[in-house]
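Engineer: Residues per chain are reported as follows:
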Amino acid sequence: MRRSRAWRWVTWLGLGAVMTLVVAALAACGGDDDESEAPATPGEASGSLRVVSNWTGAEGDAFAAVLDGFQEANPGVEIESEEIPFDQTQAQLAQQFAAGDPPDVSVALPGIVRQLAEQDQLMDLDDLWDEWIDDGSYTQALRDVAQAGVEGPTSSIYFKGNVNALIWYRTDELEALGGEVPETWDEFIDLLDRAAEEGIRPVAVGGADEWPLTQWTDSIILRVAGADAFNQLARGEIGWDDPRIVDSFEVFADLISNYFPPDALSASFVDETCSWADGKAAFTNQGAFVNLVAPAECDKSLQPGRDFTFFEMPKYDESAPDARFVSGDLFIGAKESENAEAAKALLAYLGSAEAQEIWAKRGGYIAPNAKVPPGAYPDVNDRKAAELWPKSDEVEAGYDLDDWIGGRVQSEYRGALQQFVREPDVDAFIAKMTEVDTRSSEG
Amino acid sequence: MRGPGRSRASMLALYGGLTALSLLWLVPVASAFMISVLPQEQSRDGWWSFDLSDLTFGNYERAWNEGLSDYVLNSFVITTLAVLLTVATGVLAAYAFARLRFRLKRSTYFLLITTMIVPVQIILIPMLPWFKTLGFEEGGLQYVGIVLVHTAFGAGWAIFMLSSFISEIPDEIIDAARVDGAGDWGIFRRVVLPLTVPGIVSFAIIDFVFVWNDLLLALTLLGRDYQPITVGLANLQSPNLAQQDIVAAGSIIAILPPLLLFALLNRLYVRGLFAGGLKG
Amino acid sequence: MTSAEDAVAPEPAARGRQRLRRPGRSRAAYAFVLPLLAIFAAFYAWPALNTVLSSGFEWGLINPWRLTEPGSWEFVGLGNYSETLGSESFWNAVVNTTIWLVFFPLLVTGVSLIVSILIWFAGRGLAPLLFRTAFILPMTISLAAVGVIWGFIYNPDPDFGLLNAVVGALDLDFEIDWGPLHLQTGQWLSDLGSLDLGFTELRLTNLSLIAPAVWAFIGFGVITFTAGLTSVDQDLIDAARVDGARLRHVIRYVLIPQLRGSLVIVAVVSVIFALRTFDIVYVLTDGGPGSDTEVLALLLFKQAFVFLDEPDAGLATTVAVLLSLVLVAGAYPYLRRLLEGTPR
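Residue numbers (our numbering), protein chains in the order written: chain A, 1 to 443; chain B, 1 to 280; chain C, 1 to 344.
So here's chain A without its partners, still in its complex pose (with noise of 0.2 Å):
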């Protein structure tokens, strides 16, 4: 007994730890999700929330400004901003979702939005988009987008904007392949040509992250076939062998089989990126972001509209009405919130022109909010891109294919395009999706 009097210490304190833990965890058996359901509390915007997006960086900081904004107008709110990483959205949601334990506001995309909403997660965000229709800050496609396709109450807001089918290039290299910005699909193959006979790679492309190739496919598809039957695709109202689509992929197919590089599938977007911000290809398909992704990751010296700018992809029949390619990022509320006040309420800021106008002054974003001023914008690329935003229904636009899919289509069809890209098979390529993606044979 007269022995090491700590180690009965230390036993004694092992097992209190252990026992505590079981007992902690037996006693927490009886109080089930019940608890889970308390009601919002009344009154004005306070309380904490858990906010949770995808940017980091440069953009981070901008998305910090912008929820500043919302806390000097409510300072009794507390807000948690979390980030997780782009291409995780979905599978961290899944979990936060289905740990009972949601961010109470998200970000989200809406093929996200869309499963969510029917299994009735959200907010109903209806008198929201009711107000900003009537003042215009909004156009109804864009409430469409945001509805994702649901039938029910519009449970997302619209935050970010962007617009895709943008021909990256330097101003010193187009000037090398003849200077002249094409304005017909012949002209823009006769400048790859020109660019593979020089002896550059006509286009940087990053399949390794799979989402650069949808970059092409959406972009094609909506030239080819146009914004009509591309939104049809999208909801599912006609399938993959649709000859509009099959005509688009066939025309993909030869861009693959004569311009892209044999590093397709293996470099990722930031390698795209830098390849072409480093002169080692043309050319590059990308979205408004690469403004502000080029000179951030790759070359500090690059200056926007003086280095480097883009032109559209043109269209394939110069028939064909203008179709734009957009994308962007909607947000969401938790139906489950203990705070659903101030949930809606920052909604409703990050919908708010006074919001968006924040980010747009720092650059590499597109208010999708029409009352943003042009002024807004930093940079002339910037303002270009915002340009070509729809600001009204007049303007034929698709939004993002995959991204509005979302869930196990949108991950086979991804897969697929690797293998299209490896072997430019086009009957092979719609088989494949009309396999994977039965909604129009089944509705």
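Hints in this document: simulated from the structure, not taken from any laboratory.
One or more hints might be untrue.
[Said to hold, decoys possible] Each pair of labels, with its calculated beta carbon distance range:
1. C/P333 / B/G58: 51 to 59 Å
2. C/N63 / A/Q140: 29 to 37 Å
3. B/R101 / C/Q234: 39 to 47 Å
4. C/D196 / B/S10: 39 to 47 Å
5. C/E83 / A/A64: 44 to 52 Å
Every residue gets a Cβ at the ideal spot worked out from N, C-alpha and C, and that includes glycine.
For this one, chain A is given, so just place chains B and C on it according to the hints.
Structural biologist: Coordinates of chains B and C only, in the frame set by chain A:
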């Protein structure tokens, strides 16, 4: 010609070959390290042609400020608690398995040992709803949840290794204590526990490396603010804005703690695995 | 079997004496075992039971199936099993997992055996210790970090990825077609080539993922084989050094028999590892391009946690059950060996 000449030549070849192979083995870590201490522009232009004056720790600073510090802290919290709990419960149970007789001993031992073989996927999917039922889904309680899962999954190794250490204790010592009138508890506390300390440390290191390096459980069970460095690394890899300099710095940071532990306690680590290897 | 093992296992005589003195069961034993068993039951046995039972239902994670209210989702019997066994993506994952299952244990066992014997020949001292450390070191690195690190090596840009830089500088790049085999350098993580077996095509890109895993796992083999070699008489080294014939003799008739037990351990543990593989694939390719490198553990993860739209958790639990069955069946002999050891 046979003899010492040939022997010397072959020894030279052996040492030369082994040196080359060892160096080759270190190339991946070395290249990650180089990328982590060079500016991005420099490493994208062939990090092997670096200039000494370019070396910088700026990437580490940025990585640390971009949230890696939180991930590292989470890793330490989860790993420390999990190792402590596994060791505490494991050594108690191992004593019983090695030295005491009780009903259903063989079958419980078998069940526990299966955790060494059955993949963690067998519990992964219903775990989230289960956490929700237990109230472990929110805030810091997530730590408790994952620590308990790690403990359950470390149970097999703990029992296996620790009971083999405990059965190494000579029976005479234990018998002597028994003759002095000590009960099971007294024997455990005053004889077995002190003598098993080296074994416990060996096991703790192995368990530390194991828990620290877990990706799948953390990825699926924890919210963003509670994720450890392994998930943090996967997050940094995210294709949208993968900053390779920061990712490289992050990977080196993630490697360091288990590596340091290994460097400091190399012998005990190897000894623990030896024991595992020999027993099987 | 080995003398080292005898040192660990208590002698039969001691065993007999003990039994003589304490014939009865100890009630205190239950108190010792209880904490661990409680945690084991709550966080292993119970969820595992849920997994097995829920694989009979069609359910999704957001409103999960619970054992306490099983009727909330549709019971489909063995429907999930027949759907899984009939699905292309499952068999694709099986093929890729099989590639792991064949190459990973072979490479780990082979390379670490050679390395261990070479180091053993180098004798004692600082240099062999350093060699051993170099091979054991990667073992402490998390597989997520291993993936990240090798991602740099494999980068396709020859100004950034070391492998392509070396291949380019030494002019080693090639592309070969030998009948069903196609092999090429350059695009390590997207297309290393393929081997057409007639009934299925093996994607060699899987090998690019296996290589980092082997790199990291060699340490285990080196430790285990070194443990097995400690009892071999060091004098044999000198004898073998002098004479090539005797060297072969020593390896063939002394070392290999001595290492038989260790060989089994390394092989079995690496088979278990290969079947579970997730981290490296998740970090390096996420199963791509297409589903060229998708393994079972990744498929299950995607089914349960990524495809929000379809209630696929039932399919994921089905894959988990199948995976566990294969592992337990395959590792059963090993399990029995483990069991022979301890409880009396």
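Engineer: It remains to establish, for every hint, whether it holds in the given structure.
Structural biologist: Hints versus structure:
| no. | hint | result |
| --- | --- | --- |
| 1 | C/P333 / B/G58: 51 to 59 Å | holds, 54 Å |
| 2 | C/N63 / A/Q140: 29 to 37 Å | holds, 32 Å |
| 3 | B/R101 / C/Q234: 39 to 47 Å | holds, 42 Å |
| 4 | C/D196 / B/S10: 39 to 47 Å | holds, 43 Å |
| 5 | C/E83 / A/A64: 44 to 52 Å | holds, 46 Å |
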